[in-house]
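Line by line, the protein sequences are chains A and B. For the first sequence, full-length UniProt numbering assigns the number 1 to the initial residue and increments by one for each residue that follows. For the second sequence, full-length UniProt numbering assigns the number 1 to the initial residue and increments by one for each residue that follows.
By construction, these hints were calculated from the structure, which means they are not laboratory data. Take these hints with a grain of salt, some might be off.
To be verified - Partial chain A-side listing against chain B, Cβ under 10 Å, derived:
(1) Glu17
(2) Ser20
(3) Thr140
(4) Gly227
Claimed, not checked - Label-pair restraints from in silico Cβ distances:
(5) Trp144(B) x Val233(A): 40 to 50 Å
(6) Asn122(B) x Glu152(A): 26 to 36 Å
(7) Thr153(A) x Ser130(B): 51 to 61 Å
(8) Leu111(A) x Glu47(B): 31 to 41 Å
(9) Gln115(A) x Asn227(B): 27 to 37 Å
(10) Leu110(A) x His107(B): 42 to 52 Å
(11) Met36(A) x His107(B): 30 to 40 Å
Since the model is a prediction, treat every value here as computed from it, not as a measurement. Ideal placement from N, C-alpha and C gives every residue a C-beta, glycine not left out.
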Amino acid sequence: DLLQWPQISKCRSPEMETFSCYWTAGNFYNLTAPRMIQLLYKKSNEEDWKECPDYITSGQNSCYFNASYTSVWTPYCVQLASKNEVYDKKCFSVDEIVLPDPPVHLNWTLLNTSQTGIHGDIQVRWDPPPTADVRKGWITLEYELQYKEVNETKWKELKPRLSTMVPLYSLKTARDYEIRIRSRQRTSEKFGEFSEILYVSFSQIGIGCDHCTEEVEFPWFLVVVFGVCGLAVTVISIMLSKQPRLKMLIFPPVPVPKIKGIDPDLLKKGKLDEVNSILACHDSYKTQLYNDDLWVEFIELDIEDPDEKNRASDTDRLLSEDHLKSHGCLGVKDDDSGRASCCEPDIPETDFSASDTCDATSDSDQFKKATEKEEDLLCLDRQDNDESLPSLANTDPQRQHPNTQSENSHLWASFADSVESPRPSVHTQISNQNSLTSTDFYAQVSDITPAGRVVLSPGQKSKLGRAQREGCTEQNFTMDNTYFCEADVKKCIAVTSHEENEPHVQEQSYNEDGYFTTESLTTTVANFGASTAEPPSSEMPVADYTSIHIVHSPQGLVLNATALPVPDKEFNVSCGYVSTDQLNKIMP
Amino acid sequence: MSTKGASLKGLLLVVLLVSHMLLTKEGVTSLPICPSGSVNCQLSLEELFDRAVKLSHYIHFLSSEMFNEFDERYAQGRGFIAKAVNSCHTASLTTPEDKEQAQQIHHEDLLNLILGVLRSWNDPLIHLASEVQRIKEAPETILWKAVEIEEQNKRLLEGMEKIVGRVHSGEVGNDIYTPWDGLPSLQLADEDSRLFAFYNLLHCLRRDSHKIDNYLKVLKCRLIHDNNC
Chain A
1 DLLQWPQISK
11 CRSPEMETFS
21 CYWTAGNFYN
31 LTAPRMIQLL
41 YKKSNEEDWK
51 ECPDYITSGQ
61 NSCYFNASYT
71 SVWTPYCVQL
81 ASKNEVYDKK
91 CFSVDEIVLP
101 DPPVHLNWTL
111 LNTSQTGIHG
121 DIQVRWDPPP
131 TADVRKGWIT
141 LEYELQYKEV
151 NETKWKELKP
161 RLSTMVPLYS
171 LKTARDYEIR
181 IRSRQRTSEK
191 FGEFSEILYV
201 SFSQIGIGCD
211 HCTEEVEFPW
221 FLVVVFGVCG
231 LAVTVISIML
241 SKQPRLKMLI
251 FPPVPVPKIK
261 GIDPDLLKKG
271 KLDEVNSILA
281 CHDSYKTQLY
291 NDDLWVEFIE
301 LDIEDPDEKN
311 RASDTDRLLS
321 EDHLKSHGCL
331 GVKDDDSGRA
341 SCCEPDIPET
351 DFSASDTCDA
361 TSDSDQFKKA
371 TEKEEDLLCL
381 DRQDNDESLP
391 SLANTDPQRQ
401 HPNTQSENSH
411 LWASFADSVE
421 SPRPSVHTQI
431 SNQNSLTSTD
441 FYAQVSDITP
451 AGRVVLSPGQ
461 KSKLGRAQRE
471 GCTEQNFTMD
481 NTYFCEADVK
491 KCIAVTSHEE
501 NEPHVQEQSY
511 NEDGYFTTES
521 LTTTVANFGA
531 STAEPPSSEM
541 PVADYTSIHI
551 VHSPQGLVLN
561 ATALPVPDKE
571 FNVSCGYVST
581 DQLNKIMP
Chain B
1 MSTKGASLKG
11 LLLVVLLVSH
21 MLLTKEGVTS
31 LPICPSGSVN
41 CQLSLEELFD
51 RAVKLSHYIH
61 FLSSEMFNEF
71 DERYAQGRGF
81 IAKAVNSCHT
91 ASLTTPEDKE
101 QAQQIHHEDL
111 LNLILGVLRS
121 WNDPLIHLAS
131 EVQRIKEAPE
141 TILWKAVEIE
151 EQNKRLLEGM
161 EKIVGRVHSG
171 EVGNDIYTPW
181 DGLPSLQLAD
191 EDSRLFAFYN
201 LLHCLRRDSH
211 KIDNYLKVLK
221 CRLIHDNNC
């Protein structure tokens, strides 16, 4: 066995008036003579060690110092010694070793019970330890209460408090409880011993609820399960809901990248050429194309621009591309950006259906119409084109050869993409017409027939060659075609006016997408003047364009007079229009 | 007019009720509405004692904690406890050492003693707050507590002087005061000696603050509650 020396286990004062020291004897003591151990003490201001005054009161192996020996704030030293040896020593002051006795006289009273009788509130009261003189304020105690159910193992604690009563709320009446209390001096950290246990039993006072043993615990599991299910049902119902607004409110749609005017499905499924056509016909894309320098001359229809070279060259370029068109290619196969997108020569004509509309709502019927329109709009028989091309090529020295094809391809691209709309068709038509004469590319579409044909107002130019070569009578105007080539019409009118001098001039306003520049009018008039021997004798201001009102017969064309004071004279310039200035120039 | 008066009364009642509810919340120091420096505002003796007891308890609490922290940090292994046969500079003041003596002493004398002890600690606390900062790696908590104790001690001194002024019937007794000469020991070059000096000072502070707290509680129970706290 291990040798254990005698040790002072603790010194304690229960009320700050007396104190006791306790020690352990150790097994050493048994071997030698008993009762050899002494406890000596000394106050700090004393020199000698004194022996313990009372070995008995506090029990065995203890030393009790009564009130006369106790000075509270005086440092003490005690030591455990035998005759020769000092076993242990301890120094302290009494105020540091205060450990109060436990409270006494614990009791409880019922405050109230719940309506169901399952829970109840009680008030626990006790008295301070009798040794502690709390009444005179010599010692101030605080208490800590602990309670638990009888069959539990862990005690619940309340925080320390100064008062000697405390309520306990919401105890289960069906269960029994145990309560214990301990105290400590207010500024200390250590608690004294626990009091005796107080038993609380509701059944003793007759309110025990024997039949409510079942505990109504909060059904967390059920709550969670039902909550999750409900949430899932709600989410699913919203997702499947037909109400777009509700759906949008809760699940706002994530904006997908979208280009206005382009169907994303087509982009996914369509072929490359279709996609290219769509992109080319897209406004922004077009704008970009137009920003290209190559396009400038096509866009800038500057009236003051005296340079007709470009026009002529443009016209020629357009003309030269007609044969490409016959192959179903609206553009030249070229590597320049934008061109290839609009045109691939190997693509059969059926593919143009997609490119007909910018909205990519392709329709085969529309395509057929489109193609027919295109062919008609060209307004030139293939033969004529071929014929006119070389003639123009020869006659127009300003034609720009190197850039022809590329520029024309651009043109065709834009034209091809908008075949459906009257304007582009006008463009194509006019382009063809312009190929013969050096005029601009726009004419006014006066009407669109139910069949889908476009009725154009008489252009500003007249086909000189044609007028000279052919006459109205030689033309075969199928009555089905409710429109006539502008040039032909002009021609006819010119001939008619020249022969009959009876054009009916009626003017009507249609959609005025097209317009004639002064320049073109000038040339038209010039040509007109050349073809006809009769210059317009009347001087009157005319609009730059008019529209065809009615096409009566192969020989007749009724034009609209747009708010112009039409003189009673036959103003044969119904086919062509001049501005006042031009007219002045023309007139002698 | 009657309705107006009634509504005004009702409003006043409501205001009073609400303010009463707010003021009597637990934990709130229910200080009377008495602006400082007001001549006409008189706190009751009970209120003065309540405040004094609260302050003394707080000071003792801080001293206790500070001592424990210091002990933990610096005193371990240095054997300070064994040497703690220390004598505080206030030992020359004969204060009651047990309950009987405290019961027998006259309350005016006891009040004077309390004042004396408080005054005697004024100087040491100031120096403690400044010198403790020079301790190597002194924890922030110790520094803060030293400053706080010094502040609260001043307040307690003022409060006690007020109480003494109320309670004393006649001339104020001797000005009890013990000077403190421990400053050099706090500034010793030797770190061990210096720390021991601090240890002693903090130990004395804890003890004396406990004394004062106890005396005030005894006085309060005796004077206010007639020995029936």
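query = Can the suggested window of 51 to 61 Å be confirmed for the beta-carbon pair Thr153(A) and Ser130(B)?
reply = Holds - the Cβ-Cβ distance for Thr153(A) and Ser130(B), about 53 Å, lies within 51 to 61 Å.
ask   = Between Asn122(B) and Glu152(A), does the beta-carbon spacing fit 26 to 36 Å?
value = Violated - the Cβ-Cβ distance for Asn122(B) and Glu152(A), about 54 Å, lies outside 26 to 36 Å.
ask   = Do the numbers back the hint for Glu17(A), that is, is its least Cβ distance to chain B under 10 Å?
value = holds (5 Å)
Minimum beta-carbon distance criterion (10 Å), Ser20(A) to chain B = Nearest chain B Cβ about 16 Å off; hint violated.
Gln115(A) paired with Asn227(B), Cβ distance criterion 27 to 37 Å = Cβ of Gln115(A) to Cβ of Asn227(B): about 46 Å, so the range 27 to 37 Å is violated.
query = Within 40 to 50 Å or not, the Cβ separation of Trp144(B) and Val233(A)?
reply = violated (59 Å)
query = Could one say that the CB atoms of Leu111(A) and Glu47(B) fall in the range 31 to 41 Å?
reply = The hinted range 31 to 41 Å holds for Leu111(A) and Glu47(B), with Cβ atoms some 32 Å apart.
task = Look at the Cβ atoms of Met36(A) and His107(B) and judge whether their distance stays inside 30 to 40 Å.
result = violated (49 Å)
message = Just to be careful: measuring from the Cβ of Gly227(A) to every Cβ in chain B, is the smallest value less than 10 Å?
response = Nearest chain B Cβ about 38 Å off; hint violated.
key: Restraint outcome when Thr140(A) is required to lie within 10 Å of chain B by C-beta distance   = Because about 6 Å separates Thr140(A) from the closest Cβ in chain B, which is inside the 10 Å limit, the hint holds.
ask   = Do the Cβ positions of Leu110(A) and His107(B) conform to the proposed distance bound of 42 to 52 Å?
value = Distance hint for Leu110(A), His107(B) holds at roughly 44 Å.
Comparing the model with each earlier hint shows violations of hints 2, 4, 5, 6, 9 and 11; every other hint is respected.
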